[in-house]
Structure formats: structure tokens, C-alpha cells
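Working from the sequences, and respecting the hints, build out all of it.
Okay, so the sequence shown: first residue is 129 according to the working numbering, each after it adds one.
Please note that a few of the clues may not be correct.
[Said to hold, decoys possible] Listed next, the in silico DMTMM-like pairs over lysine to aspartate or glutamate satisfying Cα-Cα at most 20 Å (straight line):
| no. | residue 1 | residue 2 |
| --- | --- | --- |
| 1 | K142 | D171 |
| 2 | K270 | E129 |
| 3 | K142 | E129 |
| 4 | K246 | D268 |
[As the list claims (entries may be wrong)] Ranges of calculated distance between the beta carbons of each label pair, as one might list FRET restraints:
| no. | residue 1 | residue 2 | range |
| --- | --- | --- | --- |
| 5 | L227 | I254 | 52 to 60 Å |
| 6 | S185 | H229 | 29 to 37 Å |
| 7 | R151 | N226 | 36 to 44 Å |
| 8 | Q222 | K142 | 22 to 30 Å |
| 9 | Y178 | I211 | 14 to 22 Å |
| 10 | T255 | N226 | 51 to 59 Å |
| 11 | G143 | E217 | 20 to 28 Å |
| 12 | N226 | K271 | 19 to 27 Å |
In short, the hints are calculated from the structure, not lab data.
Positions of the beta carbon are idealized from the N, C-alpha and C atoms, including for glycine.
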Amino acid sequence: EYHAIVWGHFKTKKGRIEKPLGRNPKDRKKFAVVDGGKNAITDYEVVKEYDFTSLVSLRLHTGRTHQIRVHLSSMGHPVFGDIDYGGTEPHGIQLSSNLKHRINNLLELMPRQALHAKVLGFTHPITGKPLRFESELPDDMKKLIKKL
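Have a look at this one:
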């Protein structure tokens, strides 16, 4: 399970993103939703909405490279601060100079993508027992949320 702060508000508070992913034909270092790509499934649920962002919980059914980032960006909700997939500026809102200033301050406060692995699990290779690890939101994401 992952948590992310994304731009904008979802039309539905809970849903599934099921879009195939592959190398971006325009930039081979990045990934994109592409016809004929590998199947990728991400479930999302909005935890809380802020003025122009949302905190979402995400669960992967597949583990494709950059899956969360590409899926969210393809929905028009890129991860806050994600320089590769459109997360350094809001989408679909008019920006006054005050709002631009506020957003720039928030981006400086969080100089990375606002994506966190909250729960990770796997089967132990020797014992075969399931292992589960949980981690609370890091301080920089907590500080960002307080400012939203």
C-alpha cells in the first residue's frame, strides 16, 4: 500500500486504474500508457482532499516500473513534485500570482515526489512465511500536508 499527494480532485473517490504500461516512445528513460504495453492495475482511494490536491491510498495488483506515477498522471492527477510525470505544476486550475507563490513555496518544502510506501510485504525466501512492514508518512510529507 502506498500513499501519495496528487494534484487535483478525483471524480470518484475510489476506483481502479487499468491501463497498459510500456516505454515512452518519445523518451525511452520514462514510461507511459501505451497500446500493447504490459497489463498494469492500480486501485486508489481518496483519503482526504485539500484546496488543489488530494491524499490518496494506492494498492498495486501488478508491479510495473513507475506504475503509480504513470497511472496517476494519465488520470490527470500527477504525484506532487514528480518532475518526470507532470507533478511540478497544478493541472486544470487558474493560477493567481498569490496561488503561484504558495505552490512554489510548497514545491520548495517538498523537493521530491510526494509518494510513500506505507506497507510492503513479501514471502520470506527460506521460511515461506509472509512478512509485512509498515512505515508512517515521512516528516517532509507530514509538513507538506499541514501546509495544504
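Verification of the supplied hints:
1. Pair hint K142 plus D171 holds up; C-alpha atoms about 8 Å apart against a cutoff of 20 Å.
2. Between the alpha carbons of K270 and E129 the distance comes to roughly 17 Å, so the proposed pair stays at or under 20 Å and holds.
3. For the given pair, K142 sits about 14 Å from E129 by alpha-carbon distance, which is consistent with the 20 Å threshold.
4. Straight-line distance between C-alpha atoms of K246 and D268 comes to about 14 Å, which keeps the hinted pair within the 20 Å bound.
5. The beta-carbon spacing between L227 and I254, approximately 54 Å, falls within the hinted interval of 52 to 60 Å.
6. Taken as a hint, the range 29 to 37 Å holds for the pair S185 and H229, whose Cβ atoms sit roughly 30 Å apart.
7. As the Cβ distance of R151 to N226 is approximately 40 Å, the hint placing it in 36 to 44 Å holds.
8. Separated by about 28 Å at the C-beta atoms, Q222 and K142 satisfy the suggested range of 22 to 30 Å.
9. With their beta carbons about 21 Å apart, Y178 and I211 fall inside the hinted range of 14 to 22 Å.
10. Between T255 and N226 the C-beta distance comes to about 57 Å, which sits within the given range of 51 to 59 Å.
11. Separated by about 24 Å at the C-beta atoms, G143 and E217 satisfy the suggested range of 20 to 28 Å.
12. At roughly 21 Å, the beta carbons of N226 and K271 sit within the given window of 19 to 27 Å.
Of the numbered hints given earlier, the model fails none.
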